[in-house]
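Student: Given next are the chains, with one letter for each unit.
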Amino acid sequence: MTSPPPDADPVILTHRLNKRFGKRQAVHEVDLSVPRGAVFGFLGPNGSGKTTTIRMLLGLAAPTSGSISVLGQPMPQAAVRVLPHVGALVEGPAFYPYLSGRANLVRFDAADRTSNPRTRGRRVDAALERVGLSRAARLAVHAYSLGMKQRLGIANALAAERELLVLDEPTNGLDPQGTREVRHLVASLAGAGLTVFVSSHLLSEVEQVCTHAAVMSNGSLVAQGTLDELRGPAAGRVVVHTRDTEAAGRVLSRLGLSPVPDGVRTASAGAADGTGTVRAATGPRTPPPEEIVAALVASGVGVRGFGVEGTSLEERFVQLTGEGFDIA
Amino acid sequence: MLASELRLLFRRRRTWALFAALAAVPVLIGVAVRVSTGPPRGRGPAFLDQVAGNGLFLAVVGLLVSVPLFLPLTVAVVAGDSIAGEASQGTLRYLLTAPVPRAGLLLVKYAVIVVFCAAAVLVLAAAGVLVGLVLFGVQPAVLLSGDTVGLGESYARIALITAYVGVSLLGLGAIGLFLSTLSDVPVGVMAAIAVLAVAAQIAGSLPQLEWLHPWLFTEHWTGFVDLLRQPVLWDSFVDNALLQAGYVAVSGALAYGRFATKDVLS
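Chains as they are written, first to last, in our numbering: chain D, 3 to 330; chain H, 183 to 448.
These aren't lab readings, by the way, just hints derived from the structure by calculation.
Remember, it's a predicted structure, so these values are computed and weren't measured experimentally.
Check before you lean on any hint, since a few could be wrong.
In the SDA-like style, the derived pairs of lysine to any residue whose C-alpha atoms are separated by at most 25 Å in a straight line are [stated by the list, open to error]:
no., chain 1, residue 1, chain 2, residue 2
1, H, 444, D, 86
2, H, 444, H, 432
3, H, 444, D, 177
4, H, 444, H, 218
5, D, 25, D, 49
6, H, 444, D, 320
7, H, 444, H, 374
8, H, 444, D, 293
9, H, 444, H, 324
10, H, 444, D, 114
11, H, 444, D, 75
12, H, 444, D, 30
13, H, 444, H, 434
14, H, 444, D, 69
15, H, 444, D, 71
16, H, 444, H, 293
17, D, 25, D, 73
So here's chain H without its partners, still in its complex pose (with noise of 0.2 Å):
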């Protein structure tokens, strides 16, 4: 079943389109970044005046810009069109009655926006780096915390950059699987998902709400400079994946309790 499930994702054109639109994001810049002088330093997104100098960069720029918006809504895409898409299609009704356990298909779902969410950041990733060896070059990396680090060690802490950009989408995934069971129509939670990330992060940006913002599954989705500090910070991505489990969990059981008993009627 989750085999027959990725085939499906990456069977769609959608799910190509969404990818080209990623890497497009690198693309972008790193053109924009190589036809103009460069931005006078600490102006742009963070480390853009890193870019020209060392092309490694433009894959830790390319993360940082996505991660508000177009790596969110990507996510909503898949996640909001899990349940809802099969419903709207009539397709759930053959599927449950194959049948597949209810709480079965919730994972395999699940999964899928996991392998969703890992190929999205990877995608990214890797056409920042591929771009910014094409444009710029790499150097060995000069980090925040001013330490000089090889070429190797700047690739692991790309990686592991992306994998904190790829964890940080887990919570939202989880709450887009969990409002799809809410709808037939899969648009409308398509929007919701992207609107409560967006939303999420406003109300983040407000200190009025600090008691708020440790809840915020967007809280710490831009805490990953520290993996570029030396030695590494762990702090955020501890906190962050604890929150995240903590969506996952909070979210999956009321996926769960949503979708055991609801009545297919689609």
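Chain D with its partners taken away, still in its complex shape (with noise of 0.2 Å):
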């Protein structure tokens, strides 16, 4: 008997899920698979596919090819009967401007048939005060700032019972606090035992909310996987100062330090004490950081200063997806 894997039962699992929009590939081939409980960041730039695959997810575009389960029921053939249960923040908040916000989240909570009309009001009230908008509940939706609209939407995925929440750029437009606000309540949702989706652009809130995330380029998936298994193997590298860079570098690629490209580079050759800096990341058959120390001294370079940095997800994610803010 084996225990099922964890991921046995995912909230959302695509396989070769495409998209094309006459000739342009939106989406190609994505395999995604979001396991339950997880507070799931989905990476990209802008234009790389992610709003695309979301609106899919959700039943509003169909695929070109390839399956959609969402709640392990098929999307979007069961989108009525699994919709329900998810929570949704697609590509920026929406509202009918001359209705108070209270009236919009009325009126899209009314629209389910599912959902209970007795408890409407209570439920309602109670996602308002969730995201801090109590006050501005009865005005009208015409009088809101962007990052009012944008807490009355997430109130919106949250005024029901959920199992799944999909917040497609959610801090768009929210100042710092209103950002830390809505880190600090996927948490706590998470805590709760739902399944938040969260797309973004900015690596930082994904980095410090969640447990997987996944990396869209060009519309394809380059990762994806729990957050350490994103940093990767090739979790650091090695940063040596020193005035004999050349020697240096020999000495690092003799003990295997991973010759990934450009990873061994001189730079600020020119500084004023002559000190230059070589950096090479480091692979898993690294020797530990006191041996190369040790290695680089016996080989007679003059060691001005060692260290050892962690990859940071943001840095993995440009080389996932290139540095260029080229729009796809």
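Take the two lone chains and join them into the complex the hints point to.
Tutor: Below you can see the structure in the form of structure tokens.
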């Protein structure tokens, strides 16, 4: 008897998901798997296919090919059964400007035939309270600031009992204070057993609250897993400050420090005191730092400084998606 | 959902502005007739010469004058906005993820259009009757056939005419719903619906296109004068209802075919 793997019952599962708009391939062969209870960060630069994928997950757009299951049911076929359990914020909030914030939430809740009209008022008020909008609840939405609309959008996602929250860029337009509140909110929701799927182009957000993440680039999924898995085995690099950068580089490569492209490079060669910097990515078989220093010294490299840096998710992200700002 | 939609319709100032514009039609005609000596018989819109003698005819003239353009325009505004308006606002995606089944959303939206058509013709007729009552008083009406009917019967005839005009708009409303599923730009859809209504009437007036006439949704729009005969000639009422039902069925099917699988990307 083997116990089922932890993600035997993924909340979201896609298989070879494709979406084509005319000639443009917006989403290409995406296999997502979001385990139950995860806070799943969905990362990627603008235009990498995140929102299109989310639209397909929610049954707003049909995949060109491939399959999607959400809460164990096929999408978009089972949309009417699945979506009452899914709270969503897709591509920014949208409301009827001439209705009050509360009336907007009531309307969207009433649109779901499975929602209980008796508890509606109470649930809507609780959701508004949760995002700190109670006092502005009776105000028409056209008087709301972008941040307030964003909060109202999140409140809308929280207005009913949910199993899954899909939040597309939930902190867009929020001030730092609001961003922090959203982060706390997501953490507390996850603590209550919900699965939260958050898309973002801001890594710092994801790094702080997520347990899992996936990275999209140009419509393809380039990485997915727990945060530790994503940071990867090449979890860091060593930095050597020395005048003798060439010799240091030779020693490092002799020690098997993985020669990733431009992993060894000299920088600021013309610094005032002639000190250069050598960086090298570390790999799984890299010797411990003290041995590296010993080897450097033994080879006569004048070490002025030595350090070990961990890879931040951000560097990993840039590695995976490229640094350019080109929007595909 | 329907209740929520109707609340939305009747909460909007735009809806009331449309009603006010419609109500202004019989008011304007009534005042114009009152302050002038009245047109010579046989000139101006049909029945206009009767208004001064019998206020009830003001409602009929008001409807007759509004049928070609004013009423279709108001229907165009509401029908054109139905899906395209939600799409341009972005609320469509939140309705669909609420979730509302797509077919259900179309049905509810069409129901709202029907309610609006009914309300619009009622406002027009009621304004006509009231203004007529105030400015000219009412008498038993003399019908086209020369018979005179009592007051109660006259009101019943006006109610019938109102229903006839309301039914006339249902086809246009359904066409509007279909067009509204095609676009995210409500103003464009509204214009398209209004243009279509006018174009159909122009086509209907060209004898060269006679083969086309039975298929135009505007064909029977002014046919309600048959309801002012004794006995009532029901033919045009039935023909009109059948034609409109056909348009509702075809446009409804097209709207569903388009909307059921449409990618909502707004």
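Student: Would you list, in rising numerical order, the hints stated earlier that this structure does not obey?
Tutor: Failing hints, ascending: 3, 4, 6, 8, 9 and 17.
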